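Chains E and F, in that order, give the protein sequences.
Going by numbering that gives the first Met the number 0, the residue at position 280 of the first sequence is 279; the numbering climbs one at a time, nothing skipped.
Going by numbering that gives the first Met the number 0, the residue at position 86 of the second sequence is 85; the numbering climbs one at a time, nothing skipped.
Just so you know, the hints here were simulated from the structure itself, not pulled from any lab data.
Note that the structure is predicted; figures quoted are calculated from it, not measured.
Please note that a few of the clues may not be correct.
Stated by the list, open to error - When the alpha-carbon atoms are kept at most 27 angstroms apart in a straight line, the in silico DSS-like pairs for lysine-lysine are as follows: (1) K79/E - K24/F; (2) K184/E - K67/F; (3) K67/F - K41/F; (4) K241/E - K253/E; (5) K16/F - K67/F; (6) K183/E - K67/F; (7) K241/E - K66/E; (8) K253/E - K170/E; (9) K16/F - K41/F; (10) K41/F - K184/E; (11) K24/F - K2/F; (12) K16/F - K183/E; (13) K237/E - K280/E; (14) K184/E - K16/F; (15) K241/E - K184/E; (16) K47/F - K16/F; (17) K66/E - K173/E; (18) K173/E - K146/E.
Said to hold, decoys possible - Negatives, chain F to chain E, calculated, CB over 10 angstroms: (19) D36; (20) D37; (21) K41; (22) Q63; (23) N68; (24) T70; (25) N75.
Unchecked claim - So the derived label-pair ranges between C-beta atoms look like this: (26) N23/F - A298/E: 31 to 37 angstroms; (27) T194/E - N1/F: 50 to 56 angstroms; (28) I236/E - N68/F: 50 to 56 angstroms.
In this text, a Cβ means the ideal position worked out from N, Cα and C, and glycines have one as well.
These are the residues of each chain, in order.
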Amino acid sequence: MERKDFIKKGLFGTSMFVASAAIGNVIKNEIDELQNLDAVPITENILGFNHLPNNNSKIMENIILHKADTRGNADHGWLKSKHTFSFANYYNPDRMHFGVLRVLNDDSVEGGMGFGTHPHDNMEIISIPLEGDLQHKDSMNNVAVIKSGDIQVMSAGTGIYHSEYNKNQDKLVKFLQIWVFPNKKNVTPRYDQITLNLADRHNNLQQILSPNQDDAGVWIHQDAWFSLGKFDKDFSIKYQTKRKENGVYIFVLKGDLTINNTTVNTRDGIGITNTENIDIKAITQDAEILVMDVPMTMA
Amino acid sequence: MNKINILVIGRHQQITKTLLNLVNKIENCVGLSALTDDDAIKIFNENKIDLVLLSSGIPEESEQLIRKNFTDENPNIKIIQHYGGGSGLLNNEILEAMNNPTITV
Numbered sequence: 000m001e002r003k004d005f006i007k008k009g010l011f012g013t014s015m016f017v018a019s020a021a022i023g024n025v026i027k028n029e030i031d032e033l034q035n036l037d038a039v040p041i042t043e044n045i046l047g048f049n050h051l052p053n054n055n056s057k058i059m060e061n062i063i064l065h066k067a068d069t070r071g072n073a074d075h076g077w078l079k080s081k082h083t084f085s086f087a088n089y090y091n092p093d094r095m096h097f098g099v100l101r102v103l104n105d106d107s108v109e110g111g112m113g114f115g116t117h118p119h120d121n122m123e124i125i126s127i128p129l130e131g132d133l134q135h136k137d138s139m140n141n142v143a144v145i146k147s148g149d150i151q152v153m154s155a156g157t158g159i160y161h162s163e164y165n166k167n168q169d170k171l172v173k174f175l176q177i178w179v180f181p182n183k184k185n186v187t188p189r190y191d192q193i194t195l196n197l198a199d200r201h202n203n204l205q206q207i208l209s210p211n212q213d214d215a216g217v218w219i220h221q222d223a224w225f226s227l228g229k230f231d232k233d234f235s236i237k238y239q240t241k242r243k244e245n246g247v248y249i250f251v252l253k254g255d256l257t258i259n260n261t262t263v264n265t266r267d268g269i270g271i272t273n274t275e276n277i278d279i280k281a282i283t284q285d286a287e288i289l290v291m292d293v294p295m296t297m298a
Numbered sequence: 000m001n002k003i004n005i006l007v008i009g010r011h012q013q014i015t016k017t018l019l020n021l022v023n024k025i026e027n028c029v030g031l032s033a034l035t036d037d038d039a040i041k042i043f044n045e046n047k048i049d050l051v052l053l054s055s056g057i058p059e060e061s062e063q064l065i066r067k068n069f070t071d072e073n074p075n076i077k078i079i080q081h082y083g084g085g086s087g088l089l090n091n092e093i094l095e096a097m098n099n100p101t102i103t104v
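Looking at chain E on its own, in the form it has when it is part of the complex (with noise of 0.2 angstroms):
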């Protein structure tokens, strides 16, 4: 595991952002600030809008299946995203969080755009690029790009400012957004990325987050592990909970496999609650999931 070097440019402070609103031809979207949102009524008898009703969601007194295609879908040209969870326009009282896991927002973004300088407060919030490069900056002067392989965490804590766009003009950058609510309010605002060895989680469930500084990956204020695998065709782990208290949503990054003895297909969301052993088996070759092992109910 190799964390990286961060470009700070203290000078920039503040400013930095009314550089970055100097460059508008690269950043040209502002989803909170520059950018209307979309007016939406609020009315007393609302029962959602972009609700995709998800009949099959629940199979089991313990699990919880989201198929790849009832997530809530966003397209604003340059931003295509599927929501896992209700998110900005989409709101589905049924499908609002697993535990303290908030958002799961599977994003791909055209050449050169990205979302402006937007703040963030009192959430931990992971990005795990999947394709391509996304450039970050921060109010606390951190200026990095994250690629597929990385991890990057930020505690918004207090509050900050960001902006986050495709480095590259010419391909697509996709990645992975994941909301965790914070086991403590107003924290100190933080910043880290790091880079994995990939080679780790062929076969395996390689640890990319904990609540611990010391241990494997990054860390948040949360007792939430996050875990990524990628298996050859009909190799099987089982995955014990870190917690009796938390439940485990795993979403599949690529692949077909069975979980628990349901099968899951690429971009479904699996979660499972009140067991400590889950059984895991692919079966295609090169599957790949992310496992987030989060507490069901707020500290």
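Start from chain E and add chain F according to the hints.
Structure of chain F alone, referenced to chain E:
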């Protein structure tokens, strides 16, 4: 249709301002904001507030003070913690709060 009056309270000036702007962009919602306990209580007492969003940086003792003052004044007031800092969860939080009578304090 009646407007939903939302009081945004936070210590981070830029984030509070951003949240206020975002609230005001939502149809049927009108935002007010405060950076201090005194301002929050004053605004609350002078306006009919339907929902209070607690944003970043509010110390525990301030939050308790705010909650006590507001619920003394209006036991049915909905007070929720806003997470995330921007538009990502904002609509969802408002919808959940306004549709769920159990979300109060």
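Hints versus structure:
| no. | hint | in the structure |
| --- | --- | --- |
| 1 | K79/E - K24/F | holds (22 angstroms) |
| 2 | K184/E - K67/F | holds (19 angstroms) |
| 3 | K67/F - K41/F | holds (14 angstroms) |
| 4 | K241/E - K253/E | holds (24 angstroms) |
| 5 | K16/F - K67/F | holds (25 angstroms) |
| 6 | K183/E - K67/F | holds (21 angstroms) |
| 7 | K241/E - K66/E | holds (25 angstroms) |
| 8 | K253/E - K170/E | holds (20 angstroms) |
| 9 | K16/F - K41/F | holds (18 angstroms) |
| 10 | K41/F - K184/E | holds (25 angstroms) |
| 11 | K24/F - K2/F | holds (12 angstroms) |
| 12 | K16/F - K183/E | holds (23 angstroms) |
| 13 | K237/E - K280/E | holds (9 angstroms) |
| 14 | K184/E - K16/F | holds (20 angstroms) |
| 15 | K241/E - K184/E | holds (23 angstroms) |
| 16 | K47/F - K16/F | holds (20 angstroms) |
| 17 | K66/E - K173/E | holds (20 angstroms) |
| 18 | K173/E - K146/E | holds (9 angstroms) |
| 19 | D36 | holds (15 angstroms) |
| 20 | D37 | holds (20 angstroms) |
| 21 | K41 | holds (23 angstroms) |
| 22 | Q63 | holds (13 angstroms) |
| 23 | N68 | holds (20 angstroms) |
| 24 | T70 | holds (20 angstroms) |
| 25 | N75 | holds (14 angstroms) |
| 26 | N23/F - A298/E: 31 to 37 angstroms | holds (33 angstroms) |
| 27 | T194/E - N1/F: 50 to 56 angstroms | holds (53 angstroms) |
| 28 | I236/E - N68/F: 50 to 56 angstroms | holds (54 angstroms) |
Figure legend: structure checked against the earlier numbered hints; every hint is met.
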